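Taken in sequence, the protein lines are chains Z and W. Residue numbers for the first sequence follow this note's numbering, beginning at 449 and rising by one. Residue numbers for the second sequence follow this note's numbering, beginning at 449 and rising by one.
Fair warning: there could be bad hints in the mix.
[Stated by the list, open to error] Between beta-carbon pairs, the in silico distance windows are:
(1) E575(Z) x E568(W): 42 to 50 Å
(2) G567(Z) x A475(W): 43 to 51 Å
(3) R590(W) x P516(Z): 29 to 37 Å
(4) D569(Z) x T507(W): 52 to 60 Å
(5) K571(W) x P470(Z): 50 to 58 Å
(6) E472(Z) x Q490(W): 40 to 48 Å
(7) E527(Z) x E538(W): 41 to 49 Å
(8) R590(W) x K499(Z): 39 to 47 Å
(9) S498(Z) x E538(W): 42 to 50 Å
These aren't lab readings, by the way, just hints derived from the structure by calculation. It should be emphasised that the depicted structure is a prediction, and the values quoted were computed from it without experimental measurement. Here a beta-carbon is modelled for each residue, glycine too, at the ideal position from N, C-alpha and C.
Protein chains: 2
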Amino acid sequence: MRGSPLSAVIGALFLVGCGSQPQERTAIETDAVRAADASLQQAVTARDLSKIMAFYADTAILMPTAEPKVIGKAAIEEEWKHILAIPAFENRSKLERVEVSASNDLAYTMGVYTSRLMGEDDKIVEEPGKWLTVWKKQADGRWRVIVETYNTDIPPPDHR
Amino acid sequence: MRGSPLSAVIGALFLVGCGSQPQERTAIETDAVRAADASLQQAVTARDLSKIMAFYADTAILMPTAEPKVIGKAAIEEEWKHILAIPAFENRSKLERVEVSASNDLAYTMGVYTSRLMGEDDKIVEEPGKWLTVWKKQADGRWRVIVETYNTDIPPPDHR
């Protein structure tokens with residue numbers, strides 16, 4: 449069938465069936481995940497709880513440092529209420545890596561953060577740390593967080 | 449072409465080109481990731497540094513609690529040497545979730561751990577925590593860790 453019109457038809461069917469230009473598609477999805485991460489960070493800076501929560505899947509799990517894991521969107525919303533209520537809370541985040549599966553359904557982002565909060569005696573405390581987030585493309589085509597975790601770079605006071 | 453031998457040929461080519469029974473394939477790969485996780489945990493229990501290191505990609509990043517991130521396999525090996533040298537160190541890990549992308553190239557595992565170590569005054573300290581690992585299938589067909597992080601459930605002493 450080599451060189452025949454039939455091989456062209458089969459070739460075309462392959463492209464339709466398997467997704468045309470898959471690397472280009474994954475580059476587009478990588479940009480979409482990067483944009484979702486940036487929008488989530490903007491929502492945190494704006495202390496906008498409902499915008500923050502729009503990025504979490506219903507079954508998401510949050511794994512905060514120094515607390516047991518937080519399971520499901522409702523519990524994560526309570527956690528964010530608690531975080532946003534911390535006096536002088538600010539979080540500056542820097543995305544360092546984003547990678548999307550070839551099937552464009554699963555991705556992760558990782559980066560570093562500096563969080564700032566008011567400690568004892570109204571003293572501002574800055575904490576550097578790092579984070580890892582797993583994203584899953586939902587049925588509606590949007591990327592949402594399914595697992596998110598972070599930890600501090602700083603040892604506890606008794607180990608410094 | 450419906451019902452003709454040609455449509456059977458095209459159908460067969462589709463199955464070969466796009467991967468036959470993709471869900472079954474992903475189930476097999478999910479088992480492979482689960483097995484890799486179990487083998488890595490066994491290597492930790494056996495304190496077998498070279499077996500542990502076989503599960504890390506060259507470009508892997510480890511994000512330990514209370515330390516800056518550890519970049520690359522050589523640096524991760526130094527970190528593991530340090531961990532395995534902690535007096536009375538033991539780590540019991542329980543896998544809670546594994547998910548593989550439809551393209552079988554990217555996966556994550558998450559779960560909980562209890563680490564045990566000798567603290568001050570030869571007192572055994574047990575620390576519960578949780579972990580999240582991103583795996584990537586390598587060119588040789590093996591799943592390897594590309595990002596791994598964990599954090600403790602326990603607040604630092606001054607916040608208890």
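Right, here's what the structure says about each hint:
| no. | hint | in the structure |
| --- | --- | --- |
| 1 | E575(Z) x E568(W): 42 to 50 Å | 25 Å, violated |
| 2 | G567(Z) x A475(W): 43 to 51 Å | 49 Å, holds |
| 3 | R590(W) x P516(Z): 29 to 37 Å | 33 Å, holds |
| 4 | D569(Z) x T507(W): 52 to 60 Å | 43 Å, violated |
| 5 | K571(W) x P470(Z): 50 to 58 Å | 56 Å, holds |
| 6 | E472(Z) x Q490(W): 40 to 48 Å | 41 Å, holds |
| 7 | E527(Z) x E538(W): 41 to 49 Å | 30 Å, violated |
| 8 | R590(W) x K499(Z): 39 to 47 Å | 41 Å, holds |
| 9 | S498(Z) x E538(W): 42 to 50 Å | 44 Å, holds |
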